[in-house]
Structures are given as C-alpha cells and as structure tokens.
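Please model the complete structure; the sequences and the hints are all you need to start from.
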Amino acid sequence: MPSLLEVRDLEVKFALRSGNIKAIDGVSFQLDPGERMGLVGESGAGKSVTGFAIINLISKPGFISRGSIHFEGKEISAYSFEKMRKIRGNRISMIFQDPMMTLNPVYTIGFQMIETLRAHRDMSKSEARAIALEKLKLVQMPSPEKRLDQYPHELSGGMRQRIIIAISLLADPAIIIADEPTTALDVTIQAEIMDLLQELCEKQKMGLILITHDLGVVSQVTEKIAVMYAGKIIEYGPTETVVHHPVHPYTIGLIGSIPGSIEPGRDLKQIPGMMPTLTNIPPGCAFNPRCELAADICTRQTPVLEEKQNGIMAACHMK
Amino acid sequence: MIAFIIRRVLQAVVVMLVISLVVFAIKNQFGDPVRDLVGERVTPEERQQIADKMGLNDPFFVQYGRFVKNAVTQGDLGRSFLYNKPNLEVIANHAPATIELVLGTALIIIVLSLPLGVYCALKPRSWLSRFTMSFSTLGVSMPVFLTAILLIYLFAVHWRILPSYGRGETVDLFGNGIWMTGLLTVDGLKHLILPCISLSTLMLPLFIRLIRSEMMEVLETEYIKYAWAKGLSPRRVWLVHAFKNTLLPVITVFGVQIGIMFAFTLLTELVFQWPGMGFMFLEAVNRADLSLLIAYLVVVAALFVVVNTVVDILYGFINPTVRITGTK
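Order-wise, the sequence lines are chains A and B.
FYI, in the numbering used here the residues of the first sequence are 41 to 359.
FYI, in the numbering used here the residues of the second sequence are 770 to 1097.
Some hints could be false.
Said to hold, decoys possible - Derived DSSO-like pairs (lysine-lysine); straight-line CA-CA distance at most 27 Å:
no. : chain 1 : residue 1 : chain 2 : residue 2
1   : B       : K1013     : A       : K114
2   : B       : K1013     : A       : K53
3   : B       : K838      : A       : K186
4   : A       : K100      : B       : K994
5   : A       : K53       : A       : K114
Bear in mind the hints are in silico, worked out from the structure with no lab data behind them.
Source: prediction; values computed, not measured.
Okay, here's the thing in structure tokens:
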C-alpha cells in the first residue's frame, strides 16, 4: 500500500537578520491511510513547525529549504498558493491549540463552517448548512441547530474545540493535523476531546498527526510515535514499543518523567538541563550535554536515525 | 439590543447634564450680565432690581435648574445681543455650513483611508505603501491653516480652478429657510472642495496609520492563521475575516474624531471665510457675546455626544460580544 503522506528529509529555515536558522533538520516520516501518528517533544523541538510545513503555512520568515512532501502520490511542498489552498481544509485539515483564539469572534459558527465548505465545494449555502449540521452532530454537539447561529464567545472552550473538530471534518479530509488540541482545555474535557478525535479517525478512516508534549495522550491514541529533539526526529517507531521499550536516552527520560510510570511516593525523574535554543545547538548529538551516557563520539559526530531493537528507529551512538 | 440602546441614550443624557453644568458654571464666573445689558450709568439700587428680576441673585442651582428647564422645554438657550435673535436660531443658521463641511471631510477620510490603510497593511514593503506612510507623516505635521493657505495659493490663485472663500451658491433644502445647502449646486460643491481637503489633512493620515496598524495586528492573530488553514482565498481572509475585526476599534476612534472635527473647523472656517459655527464662534468671542458662546458650547457638546452615541450603537450592531454584555 503506498503511503498517504511521505515527508522526506524536510528542512525548514527561518530567515533572520543574523542569518538563516534551521528549525527543522532532515525530518522524515510517513503516514499510511487511516494511520494515527504522534509527534512528541518539548516546546521548541520543531513539532508545530513540522505540522505547519506540511500544508506550507509556516509563519514568516520561515520557509522549506530542503526535502520533499508527497501527499496522495504528488509532491506538494513546492505547490503554488492556489493549488495548496485547495488542499488546506479540504484534504488536510488542522486543529489549533487554543480554541478560544481560533474562531473569528465577529462571525457566527454557521458562517465560519459554511464558508469553509464553499471554499472547496461548489454548493449552495443551504446545502453547506446541512453538511455543517451533520458534522456538528458527528462531534456530539448538544443542540447543534442552535450552535450554527451562535457566536464563538457564547460557547465554552470544550464546545469550541468540538466545533473546530467539526470544521476540520467538513470536507472529509484524508489527514487531520492536530496541534496540541487539548493543551488549553480542562483535564476532564481533554479526555473527551481525545476520545472523540480517536473515534472519528477510526470511523472515517482518517489519518491523524497528533502534535503534543503529552506522552500519555499519544500512547492512548496513536499507533506510532516520532520523538523530536532540537529540530530532528531522534526516535521513531510503533507506539507500543516506544512507550514500553524506548531506546534513546531522551525518550527514556521523557517517559520516566510521566507521573504513574514509577511507584508512588518516589520523586519523578527529570532530564537535567534545557533543550538548546536553535541558534546554539551543540556539535555532535544535540542531546549530549544532558545525556548520562554521553561519550567522546557524541560531541564529535551527529548520530543518524537507524534501526535498533524491536523495529525502533533511533539516533544514538550508544545503543 | 434595545436595553443596550436605552442604556447608551441614558448615559448620553447624563453626560449632557454634566457638560451643561460645567458650561453654566463658566458663565457664572465671567462678566456681569447686568452691566452688559444696561451699561455704566445706572445706580446700584437699580442694578440690584434688574438682577433680582433676571433671577441672578438666586442660588446657583436654582439658576441652573431654570437654564436646563428652558433649554429642554422651550429649546431656549438665551438670546444673542450681537445678532439680537435667540441663540439657538443663530446657531441653527450657521450649523448647516459646518455640518456639510464635516460631512464632506468625513467622506474624504472614509473613501481614502480604508483602501490605503488596508493596502499598506497587506503590502508594507511596496513603494505605494512607503510613499503613503511618509506622505502621511507630512500631513500630520502640517498645521491646518498652512495647508489651507497653500491650497488656496495653488488652486485658487495660481491655477484659478477652485474658489477660495465662502460657500458659493446655496439652495434652501427644506423650503423653510433653516437649512441652506451647498451640496446641491455645482458652485456650492466647488466651494466645498478646498475646505474639506484642508480639514481632512489632519485626520486622514491618522486614520491611514490607525487602520494599517490595526489590520497588521489582526493579520497576526490565530483566527486569521486558522482562516488560511481552512483553505480560504486571500480575498476572503483579508476582506471578510481581517477587515471586520480591523474596523471595530477604528469605528470608535472615528466617532470621537468626527466630534472633535466640529470644534476643529474653527481654523478652516476662518481661513476660507466659511460662514459656519466656528466662524460664528470667533465673531462671538470678538464681540464678547457670552450668551452665544455658552449656547455654542452646549450645542457642540450635544453634537459630540449624539455622534458618539450613534457610533457606539452602530458598534454594538457590528460587534456581537458588545450586544451580549449590553443585554445582561
């Protein structure tokens, strides 16, 4: 089966006055139809930039400087604006982090749903409204008919995120990219939204790229994981294996820092130090200053992502 | 929505009361109306009698109450001795000229600042944007009277294509002699051009800059980024999603500025010998017609309050979040 999305050797740079900075450095992964993948890492690791790079919507002054993105068999990274526009919100939808900021405050929910459909399909407003209503029911929105005529500020954060999920479903996309979709929500709502997202993806055979720093969420929802550190993927494999038998010291540290992964009453493990800023990534393995296993080679040579045990790919000299 | 409108109107009434109180207090502090009326050669006893008759010896708030009562029930704001007519009638005769001047200026500002401001926000690096921005700095820093004299020199003296003073030919709008309009004759419109341009030079750059910076800010928001992610066309993102949010703060400022413009016409009216309220005000100052001055201040304040109230209500219609807080 050909993969739905194949990102190969993606590099994203930001053009600053002091020169170009690499935010993403040689990221490769692929997604099969209906497959759910987690993109995990600390803030600033390049997860969101990777997500936005797929639909070519990186904030200025960022740009794709190398690599390719194949979607449904076509190379889309160099598409014109108009060709790319037809993919956005249509074949690949996005869900943003903060539902309080994502909807335009001065237009009704119905207005914002209908316009999305009509940007991609040639249909009347009433046809579009009917589909919008159907999708609101799909995300289990209470009294969906009423919501269409309401403004965003009349709804709670959880409801707004349901609406955004409904908007992302409007055109029956092949992939949904969800950028920290539950970070801004209450814990109880978080679980509801994640369950909903997982259920919808399974039912509708949609691919999901879940961008998050929450390994717990990823392990429940996704089938595979890519762990990012300082703009690179450093571990990539089936969720089950990565969570229970991680290879890279960074991933081991991340999993060790989840509450519940060790016996109660003991201090949680921490990874010492901070992720380097993009302007000042150490030579060799970017993780070496924080790594317990770091040896001489780690400061001299950048490790490549290669197959280790259990079919996991990891970038580490010591394993 | 109705509750919101009622609330705004009540607020406006309170504001008017406060303003009239301040203005009335000023009147009490300046000059002696009895001396203005009868001159020097009257005995103190007679003066006292006249003052009693006019109610000038009553307590302040009794006088103020009478002033408000006369103003509200009879529309009586006193009598101008300069024109020897009721103040309100004098002002009503001069108001149309000023109102037309402000309307023409507002029109110029809206028609030019919206497209230019939006364009400068969307294409900040283009040469037209750079030109507009530097030219607008020039516009802001030039005083109105200088711009006006420059315009008169160029268009009226040098090229001789536009008239330099007065309102030109006017016609009676309602047929009752109150509203003489210059908007319906070619000559009247020609006379309107230069004063409107010179009055707009002050506010136009301000609005271009305001719209530009508001729009740039809106373009950076999450919901605009989301609009792109939904695959909307640039036209739709810019003109539907960004534009309406840009307008919200601009509308409020516009309301205040239109109000201020009624006061700012003073200089323009002087330079162009425009027979409006500002011109009348200057005459009243020259001749120390205190009663007319007070009436003018009250009327201008009322115009200001009315314009702002209308704009606020308009704002409530455009911004859905205001409506809700208003009805709660």
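Tested hints:
1. K1013/B x K114/A: violated (37 Å)
2. K1013/B x K53/A: The given pair, whose Cα atoms are some 33 Å apart, is violated under the 27 Å limit.
3. K838/B x K186/A: Answer violated: K838/B to K186/A is near 50 Å, above 27 Å.
4. K100/A x K994/B: Holds, at about 12 Å.
5. K53/A x K114/A: holds (23 Å)
In the structure shown, a violation is registered for the earlier hints numbered 1, 2 and 3, in ascending order.
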